[in-house]
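Colleague: Single-letter residue listing:
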Amino acid sequence: MFAKRIIPCLDCKDGRVVKGIQFVNLRDAGDPGALAEMYDREGADELVMLDISASREGRATLLETVKQVARRLFIPLTVGGGVRSLDDALRLFSAGADKVAVNTAAVETPQLISEIAKHVGSQAVVVAIDAKLSRDLTVEVKPSLSGGVVAYTLVREPDGRMRESITFPRAVARCRLGMSPWDVVTYGGTHPTDFRALEWAARAASLGAGEILLTSMDADGTQCGFDCELTAAIAKSVHIPVIASGGAGEPEHFAEVFLRGAADAALAASIFHFGQHTIRNLKEFLAARGVPVRWERSRELKVRSSERPRESSDSSS
Amino acid sequence: MIALIDYGGGNLGSVLKAVEHLGHSAQTVDRPELLTSAAKIILPGQGHFGAMMGALAKRGLLEPLRQMLAAGKPYLGICLGLQALYEASDEAPEVPGLGFLPGRVRRFEGVFKVPHVGWSQLDIRRKSKLLGGVAPASFVYYCHSYHGPVTAHSVATTDYGQRFEAAVEMGSLWAVQFHPEKSSEVGLRVLKNFLDA
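These protein sequence lines are chains A and B, in that order. Under the working numbering, residues 1 to 317 are what the first sequence spells out, in order. Under the working numbering, residues 1 to 197 are what the second sequence spells out, in order.
You may find that some hints are simply not true.
With a Cα cut of at most 27 Å, we get these calculated DSSO-like pairs of lysine-lysine [said to hold, decoys possible]: (1) A:236 - A:67; (2) B:129 - A:13; (3) B:113 - A:236; (4) B:113 - A:67; (5) B:113 - B:129; (6) A:118 - B:17; (7) B:58 - A:118; (8) A:118 - B:113; (9) B:113 - B:127; (10) B:129 - B:40; (11) A:118 - A:67.
In case anyone wonders, no lab produced these hints; they're calculated from the structure.
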């Protein structure tokens with residue numbers, strides 16, 4: 001069986017993990033090494049660390065955080081955020097990253113993808129793509145005659161006129177119209193570009209990307225589900241694995257993005273905050289739904305030389 | 001001394017870290033003189049078959065390695081470190097392998113995405129020291145586009161469209177296609193089996 005991968009994401013700012021999985025029992029949430037061990041123990045298939053620092057100092061201390069995480073992590077580690085050159089990437093590999101993610105810099109200088117791939121191999125290069133429904137398209141929802149709702153897409157024609165088209169799901173119909181409905185956005189989703197997400201993903205793959213990390217900017221933060229139409233469109237247009245990101249709120253969303261979205265892996269951060277959903281429970285749910293996952297009934301620390309996890313003083317167990 | 005062969009392209013850091021985590025120490029070796037005093041050898045192979053064999057030859061490591069393996073020096077090959085044991089690889093048809101395993105390394109073909117990146121299950125075929133303590137159908141982490149055929153020395157196989165050699169144990173010659181340094185508890189157990197043997 002080849003498993004779908006569950007990948008938690010840590011946001012790092014100025015050398016500290018600021019947004020990561022927080023469990024009730026973990027006392028040292030700020031210790032990157034302890035966090036790393038915990039994710040591994042919980043059954044994470046890989047770990048992604050994204051640096052959201054704005055400063056150069058933040059980038060430098062990121063390397064130290066990567067080292068601390070990598071030291072006690074024995075699953076693959078991908079690091080991204082602000083990688084702008086081959087040197088940036090090589091420094092991260094030296095610090096312990098197995099893969100490096102590039103986003104804005106790759107859009108601006110696509111040769112960066114092949115440059116890094118030539119050096120370390122495609123399997124170590126992840127191209128992160130932030131995609132958003134094209135600004136030429138707007139969606140209206142109107143009540144239908146039968147008492148439900150109907151979604152209309154207003155499509156901007158080349159001559160500037162707006163044409164109304166019933167769509168459900170909305171993007172599928174746009175695809176049928178021969179349009180590529182998603183644009184690439186850069187600089188953390190703040191900067192729109194004229195690049196279409198589908199075309200850019202295919203180009204990134206041809207330049208040597210090993211995987212695509214696809215974030216739906218429309219779904220991100222909503223906790224209403226992954227963008228399955230976007231994910232499926234990208235997954236079916238490239239021959240490399242696609243990691244879905246953005247929108248996870250319930251275990252069912254993961255089942256959807258694997259079964260309907262054709263994703264090879266799914267990344268999430270917010271869903272695992274405050275411990276209401278654990279990776280372990282998520283995988284149990286997915287296994288029951290027929291999604292192939294790496295999951296053992298009992299997981300015990302057999303081999304590690306470090307001590308057992310500490311219980312927090314106010315744990316009720 | 002545990003020698004970690006450095007041919008200039010492998011994933012040394014991760015393997016070294018895992019070895020140290022398990023309480024052992026290892027030395028990276030990029031010259032044949034340093035190889036002779038090794039009690040055990042690990043070859044963490046990554047990248048291109050031809051490039052690796054060429055780099056080993058260029059550093060004068062290929063022949064000493066072949067001789068030490070033939071003489072029964074404990075060896076653990078990882079990923080390309082397993083593929084190097086075969087007679088040849090389609091990835092670099094003009095470059096011979098070490099020839100300890102019969103057959104030819106081939107590329108994955110078919111409907112699945114290539115490279116094979118992610119967690120797949122081991123089909124354990126027989127008891128071995130290499131996989132001692134590893135539960136049946138355990139998942140391990142793979143990252144490869146080429147695979148070796150199943151041999152008589154097979155300890156475990158994996159199916160990814162094609163069934164391929166996942167782990168071999170031939171006396172003191174051990175090798176795995178997956179990355180034990182990236183395979184969580186299962187991987188650490190495999191490494192521990194080699195280091196403690």
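Colleague: Does each hint fit the structure? Answer for all of them.
Modeller: Against the structure, the hints come out as follows:
{"no.": "1", "hint": "A:236 - A:67", "result": "violated, 36 Å"}
{"no.": "2", "hint": "B:129 - A:13", "result": "violated, 45 Å"}
{"no.": "3", "hint": "B:113 - A:236", "result": "holds, 11 Å"}
{"no.": "4", "hint": "B:113 - A:67", "result": "violated, 31 Å"}
{"no.": "5", "hint": "B:113 - B:129", "result": "violated, 32 Å"}
{"no.": "6", "hint": "A:118 - B:17", "result": "holds, 25 Å"}
{"no.": "7", "hint": "B:58 - A:118", "result": "holds, 20 Å"}
{"no.": "8", "hint": "A:118 - B:113", "result": "holds, 20 Å"}
{"no.": "9", "hint": "B:113 - B:127", "result": "violated, 31 Å"}
{"no.": "10", "hint": "B:129 - B:40", "result": "holds, 15 Å"}
{"no.": "11", "hint": "A:118 - A:67", "result": "holds, 24 Å"}
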